[in-house]
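Participant: Here is what each chain is made of, one letter per residue.
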Amino acid sequence: MTDLSRRKLIIGGLAATAGVSGLAVAARLAQKYGLVPPDHSGIYGLGETLTYASQRLLTRHSLAREFSRSQISKRPLANELAPPNEAFKRLQAGGFADWRLSVNGMVDRPGSFSLAQLKSYPSRSQITMVQCEEGWSYIAEWIGVPLFHVLDAVGVQPQARYVAYFSIEPDWWESIDMADALHPQTFLTYGMNGDELPVGNGGPLRLRVPRQLGYKSVKFITHMTVTDSLKKFGKGLGSAAPEAGYAWYAGI
Amino acid sequence: MATSKTVGVPLGASLPSSAPAVPATKVTPRHSALVRVTHWITTLCFFALLVTGAELVISHPRFYWGETGNVLTQPLFKIPIPSSRALVPSGYGYVLPDENGWSRYLHFQAAWIVILTGLLYAISGFFTGHFRKNLLPGKADLSWRTLSTAIAGHLRFARPSETEAWSYNVLQRLSYLLVIFVLFPLVIWTGLAMSPAFVSAFPATVNVLGGQQSARTLHFFVSLALVLFLLVHVAMVCLAGFRSRMRAMITGRAGTQKEGA
Numbered sequence: 001m002t003d004l005s006r007r008k009l010i011i012g013g014l015a016a017t018a019g020v021s022g023l024a025v026a027a028r029l030a031q032k033y034g035l036v037p038p039d040h041s042g043i044y045g046l047g048e049t050l051t052y053a054s055q056r057l058l059t060r061h062s063l064a065r066e067f068s069r070s071q072i073s074k075r076p077l078a079n080e081l082a083p084p085n086e087a088f089k090r091l092q093a094g095g096f097a098d099w100r101l102s103v104n105g106m107v108d109r110p111g112s113f114s115l116a117q118l119k120s121y122p123s124r125s126q127i128t129m130v131q132c133e134e135g136w137s138y139i140a141e142w143i144g145v146p147l148f149h150v151l152d153a154v155g156v157q158p159q160a161r162y163v164a165y166f167s168i169e170p171d172w173w174e175s176i177d178m179a180d181a182l183h184p185q186t187f188l189t190y191g192m193n194g195d196e197l198p199v200g201n202g203g204p205l206r207l208r209v210p211r212q213l214g215y216k217s218v219k220f221i222t223h224m225t226v227t228d229s230l231k232k233f234g235k236g237l238g239s240a241a242p243e244a245g246y247a248w249y250a251g252i
Numbered sequence: 001m002a003t004s005k006t007v008g009v010p011l012g013a014s015l016p017s018s019a020p021a022v023p024a025t026k027v028t029p030r031h032s033a034l035v036r037v038t039h040w041i042t043t044l045c046f047f048a049l050l051v052t053g054a055e056l057v058i059s060h061p062r063f064y065w066g067e068t069g070n071v072l073t074q075p076l077f078k079i080p081i082p083s084s085r086a087l088v089p090s091g092y093g094y095v096l097p098d099e100n101g102w103s104r105y106l107h108f109q110a111a112w113i114v115i116l117t118g119l120l121y122a123i124s125g126f127f128t129g130h131f132r133k134n135l136l137p138g139k140a141d142l143s144w145r146t147l148s149t150a151i152a153g154h155l156r157f158a159r160p161s162e163t164e165a166w167s168y169n170v171l172q173r174l175s176y177l178l179v180i181f182v183l184f185p186l187v188i189w190t191g192l193a194m195s196p197a198f199v200s201a202f203p204a205t206v207n208v209l210g211g212q213q214s215a216r217t218l219h220f221f222v223s224l225a226l227v228l229f230l231l232v233h234v235a236m237v238c239l240a241g242f243r244s245r246m247r248a249m250i251t252g253r254a255g256t257q258k259e260g261a
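Protein chains in written order, with my numbering: chain A, 1 to 252; chain B, 1 to 261.
Derived from the structure by calculation, the hints contain no laboratory data. Just to be clear, a hint being listed does not mean it is correct.
Unchecked claim - Not everything, but these chain A residues come out facing chain B in the computed CB check (under 8 Å): (1) 46; (2) 136; (3) 246.
Note that the Cβ used here is the ideal one computed from N, Cα and C, for glycine as well.
Please work from the sequences and hints to get the whole structure.
Facilitator: This is how it looks when you write it as structure tokens:
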């Protein structure tokens with residue numbers, strides 16, 4: 001063995017050791033600072049973790065693009081929906097007067113809110129884009145109450161890390177981390193383009209998460225849970241999306 | 001390893017055609033190990049991106065210009081294929097299965113790997129002089145006369161001379177530079193411009209393109225340009241001698257054996 005190849009071997013060995021321990025430290029730090037998505041296991045975990053971690057570092061406080069009134073789509077597309085279930089139809093027959101949003105989990109004051117109560121909070125509006133993972137999009141004015149108002153009202157405990165939210169339709173639920181949950185553009189939306197939110201677009205209550213793809217903006221919200229771990233929800237992958245083969249984090 | 005410099009074949013464009021035929025094992029590789037490894041990782045990632053990208057287009061084979069577009073708005077153009085969504089009026093009486101879930105996961109994973117690989121290649125290419133020595137055409141090569149001779153030679157499907165097994169001709173250099181420094185950056189940029197979270201932090205990346213749907217349409221066309229490059233690249237490899245060129249890109253050895261085909 002020549003001197004050169006021995007030196008190469010030693011340098012290579014040191015580089016490999018440094019690389020492996022560097023990766024281990026990076027994984028530890030990522031876990032500690034909440035940079036690992038709940039669907040990180042499996043063959044696509046590397047790409048998902050890189051995307052989520054880098055975007056969390058880059059976009060923690062950034063605002064989704066807002067548009068001018070003239071850019072609002074003339075006809076907001078209501079995506080295909082399965083026929084509503086009996087519970088929804090009953091509430092719809094009563095003009096959604098009895099629609100409730102219950103919030104529990106790691107909160108000091110678990111509670112339940114009627115639409116009238118949600119509307120009594122200061123209302124905000126944003127003109128943002130709905131972007132479907134399929135490739136189509138539209139712009140609308142969304143009117144509602146920022147989620148952080150409701151989270152303030154129930155008193156989120158410091159160990160909370162995620163908010164899981166559930167549609168009245170079975171098996172339709174998602175979750176977001178606290179950066180998105182407390183983000184000023186994350187709205188509990190009840191109005192659209194100056195009117196009530198149409199059922200086709202998620203009315204009477206839809207959670208809008210404008211920095212992520214449309215499928216994170218779940219329609220017909222009736223329940224929310226604040227939690228420190230998503231392991232005990234569904235299959236433990238974070239939301240219904242990864243259970244159907246789609247990424248949990250949809251900021252892309 | 002230590003002796004390779006003394007018998008190495010120079011890689012410059014001015015290589016004399018009477019280069020000594022030295023035993024293959026002692027020769028400086030035609031392509032450095034880094035170039036070979038990054039080439040094949042990029043190839044794998046490109047195929048993954050191409051297949052999954054096509055799969056994603058199938059879920060909405062309509063393209064628009066501007067910020068928004070959907071089935072209620074006029075498309076710039078449609079691709080006349082069936083769709084994996086009933087929402088799209090494709091004109092076909094059936095809906096293809098939805099493959100978007102794994103396609104999206106794989107698309108972004110392959111994108112990460114190819115970007116990191118590309119960064120490694122680009123940074124080392126600057127430091128080792130790979131771009132300057134192997135890809136940057138010489139001043140003389142850029143005259144109209146040399147260029148037109150090279151183009152005419154390609155159009156006649158003239159077999160490459162012996163020296164071209166050791167160095168790129170001017171058209172190769174220009175097309176590789178175009179792919180590495182124009183098309184790849186463009187496809188990454190237009191891809192990122194479709195990300196709602198990325199553009200929330202860097203809105204200019206999508207605004208200068210004319211909107212999110214414009215970015216999607218441009219992403220499609222840049223991908224088509226890359227596919228066109230791939231087809232020509234593979235065709236040229238076959239014409240120049242598939243076995244010797246593949247051997248050069250896999251093992252690094254080239255030019256010492258007679259090409260069979």
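Participant: Of the hints given before, which are not true for this structure?
Facilitator: As far as the earlier hints go, not one is violated by this structure.
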